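Fit chains B and C to the given chain A structure using the hints.
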Amino acid sequence: MYLHTLQNKIQELKKLKIQMFQRDFLLTWEKTYDEILATLLVAECFKEMHKHNISFRIFDTGLGISIFKDQSTRTRFSFASAVNALGLTAQDFDEGKSQVAHGETVRETANMISFMADVIGIRDDIFLGEGDKYQRQVIAAVEEGYEKGILAQRPTVVNLQSDIDHPTQAMADLAKLKDYFGGIDRLKGKKIAMTWAYSPSYGKPLSVPQGVIGLMSRFGMKVALAHPKGYNLLPETVELARKQAQESGGSFEHVDSMDEAFKDADIVYPKSWASFQVMEQRRDLLHANNQAGLKELEKKCLEENAKYMDWECTEEKMKLTKNAKALYQHCLPADITGVSCKQGEVSKTVFERYIPHTYHQASFKPFVIAAMIYLSKIGNPAAMLETMIAENKNRIKV
Amino acid sequence: MYLHTLQNKIQELKKLKIQMFQRDFLLTWEKTYDEILATLLVAECFKEMHKHNISFRIFDTGLGISIFKDQSTRTRFSFASAVNALGLTAQDFDEGKSQVAHGETVRETANMISFMADVIGIRDDIFLGEGDKYQRQVIAAVEEGYEKGILAQRPTVVNLQSDIDHPTQAMADLAKLKDYFGGIDRLKGKKIAMTWAYSPSYGKPLSVPQGVIGLMSRFGMKVALAHPKGYNLLPETVELARKQAQESGGSFEHVDSMDEAFKDADIVYPKSWASFQVMEQRRDLLHANNQAGLKELEKKCLEENAKYMDWECTEEKMKLTKNAKALYQHCLPADITGVSCKQGEVSKTVFERYIPHTYHQASFKPFVIAAMIYLSKIGNPAAMLETMIAENKNRIKV
Amino acid sequence: MYLHTLQNKIQELKKLKIQMFQRDFLLTWEKTYDEILATLLVAECFKEMHKHNISFRIFDTGLGISIFKDQSTRTRFSFASAVNALGLTAQDFDEGKSQVAHGETVRETANMISFMADVIGIRDDIFLGEGDKYQRQVIAAVEEGYEKGILAQRPTVVNLQSDIDHPTQAMADLAKLKDYFGGIDRLKGKKIAMTWAYSPSYGKPLSVPQGVIGLMSRFGMKVALAHPKGYNLLPETVELARKQAQESGGSFEHVDSMDEAFKDADIVYPKSWASFQVMEQRRDLLHANNQAGLKELEKKCLEENAKYMDWECTEEKMKLTKNAKALYQHCLPADITGVSCKQGEVSKTVFERYIPHTYHQASFKPFVIAAMIYLSKIGNPAAMLETMIAENKNRIKV
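Respectively, the protein sequence lines represent chains A, B and C.
Position 18 of the first sequence, counted from 1, bears residue number 18 in my numbering, the numbering being contiguous throughout.
Position 95 of the second sequence, counted from 1, bears residue number 95 in my numbering, the numbering being contiguous throughout.
Position 297 of the third sequence, counted from 1, bears residue number 297 in my numbering, the numbering being contiguous throughout.
Think of the hints as simulated: they come from the structure by calculation, not from any bench.
None of the values given here were measured: they were computed from a predicted structure.
Only true hints are included.
The list makes no distinction among identical chains, and a pair is therefore deemed to hold if it is satisfied within one copy or across any two copies.
Okay, derived cross-link-like pairs now, PhoX-like style, lysine-lysine, Cα gap no bigger than 20 angstroms in a straight line: (1) Lys176 to Lys148; (2) Lys222 to Lys188; (3) Lys299 to Lys342; (4) Lys51 to Lys148.
Bound conformation, chain A alone:
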């Protein structure tokens, strides 16, 4: 039964035109439609193989390096899980312990850690205008190292969240939608509300909402972006979403009311983020290591946030959605009213009703990351899947 499912997915994969071998994964919109589908298919195959105790290990040895410039639970464990399942050992590069403090350049560090590394996963989402650039600097460095014969292999860079996109999250979100609605084609015409929500915190990156509108706009969906005045996203990502929505036969609306976005929505994604200006000021204050300024900014920002406490995903708001039954999505952890804070992004009853869905949504992430790495490492991904399924090597002995 599951073997049949796997075979079908591999047949689909074979029909796609992709150029992912030896390529990095930074922004979903740098990947073609077929490449997005291929990533989903491989992730689904891996999830199924894992469930049925078939190893998809492709490496005998090797390192998968992670660089986290921001704290992380699920992305850290998803990355560790993904590289482990492929046969690599996760090795965290912690700048605090390293000689970066001694003035190493990105070029040098990137090469020094890569002599035997196959992947570098990077989370750098705090510094607006810099995270994506940093990832590209790392790529340029290892590319040069490889060309000059310093590195025997070219490590793939996977974006574990930048200032622009959070592709491993958005792809996991998409995988959940595909599963929930029964196919990628079923997303056509569905309305997704990506909306800001109140939270008594500040400084949450813009990359999740940007990633969501930048990806979901490619499947004929009706994308509604909503946030209070001042909580703009990077303009180019909004423009991109608008353009992609048109091209894919969907639509894009940009409104300033949660209610309007929720109206008739099939999916809602209410999530807090910092305002653009706050992120810019925060970046500059962090660079200046201006602790007093940061405290001041946090206070100002929380006061600003507090004006929009009614941007909460309540039962009442959920009633506005399609048949009052929209799928609630969140990248987690959510700020839950009465649970993790006094008042937050979502009411307790709404959040708890959807727990099986949000956890299930999260469960795709390790497999999505593994798929991204696999597709950059294996020249004929469909054939290798067939080989591994035929070999049927058990992950755990039985």
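Frame of chain A, contents of chains B and C only:
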């Protein structure tokens, strides 16, 4: 020769009635007598296989997660060694680096780290009345996640020390006793003195003495528990030990003098722990993050400890034991008079004479942990051992 | 083609007389000439095998423990890469997290972490007169543990930098020279200038210059050591280099001018280090945890350094070298004028011109470490290399 030993142990294992598949290991007294024996036998087989370069790897890939809420050397390395030997990669979940600070619930975190995890080892021994509960919350969370299809496999939880029991330690202690006296049946009638000892430190958990009396009372031993007034253990663990001792044909005495406990003892286990009241106050002060209160409590507690400086395992006290030759046990590190402190739990000459024994005692721990995991993962543990021995895969190529 | 290269190296290896099985690697001068060559040959084979996707994994499971008493990027990743490639899992022993703070002795800790460890890599370079001693204490401890049957295997200790030598660095430097000049015999008569260089930092260990003169003096090279007055190395290492240079048909000169050392040099290695007296005082202040004293010393030391700001490897100085084309070496990271500091060890143009070389130099380190471990673990290293090449197990599936 060693193959013969292995075969004998496997034959013994086959005779036992156990239900350990897919079960957690939290408290030794939740396991049947046969299950305790099975754990010892598998641990002994692994130790022998390791010595003779036979791999007992059962996983091709997978994660073994550890959560340490208290510092640790030997348990950390024992866990890392155990999961590595089974083929898993140890991944530490450090709450400091995680989003727990962002208000994640135990349920959510437990699921988020478990998508590809096979084991979760937890040390949570500081908070009286909470450590064991936390472990059961994690179990409930992953059980629910597994039932709802969020987790493809159900990670086994192994107690690496709670407020109630320290089963990996107590089982290693038991393995040493079995080896030292030449069989589990030889423990019948032996007297073990689990006694408090003076230490210029405070806040040492109660789980080691509780674990020792909770386990050793099941083999017909004469268990003597001794401590100064006020240094009580959890009453239910003392009751349990008393009851088990009776049922197993041994005895249990609870005295307030080290000398009395040592008298004619075959084994002595002198070790410091905090008083019950101190642990309770400390827990509340820690929760309140009351640093001044903690300092104050430490002072008071050390003053209280200082009243019992004569509770030291000296040569003189050792003379009270059976033929003056009791086996000295300790979970390490010990507070050694004139070595690691001015005055402590044990005199230098006693400690040093028994170093080969205490180190040997510690050497069982990684294999005990590996056995606990193995028995929860392999449906027919005896048959799988036979298969691995027949395959004779070298751990290191020769 | 590369198989032919590999076969040649293995034939060379077969001719060497070595006794490295079950031995540690602390100081290059404790190894015979043949043993140094064997280490290079195995490292070169591993580098070639890695490049051509042939796994050289010799362990199915096992731990490779690292103890870093000083920060590290490249050595940390080199060690992690090396043990991973051999099939071990790197496990860092962080004293901060451990019970060392509870007063464990070296003997106890060394045994407690080694029950299933095959290697222990140690970096302890800050404390003059202590780092090497500490490594030997660890060796004595695990040796004793092994002899007494506590440890089933005896972990190999590899010096990842001590107060005396930095053998993994010096061996990587030598591997680069062998490659650059086309053979170990071609080093005869070449002049290498190991010189102090100015840096606005203090407390850099003496082990790199000591390691370089202690190794390069064995191949008939003309070794020139230069530093300002007061920046002496350990006298015994200088004496050793002098003696070895004579015996190998080379020469050794000890001068107090960078220009003189650079004159007609084939290789220059300009690098900052602290003065001997500073390292001694620093050690004592660190032991006393005298923060004010350390600040004071740093200030004094930087003032002293500042007298020698002209000890910079500039284009002008490079013109003094053989045909103005000496190979520039550095262990990285360098203090580059106008890049990582206002004024430092080397000018920007010199440093950048040699980047491919210094990075290539660094790229040998993981393979050198792997070779050191391999030679201590495999009784017939040439035969095992032949077996692995014949098996041709791919590191990544293709």
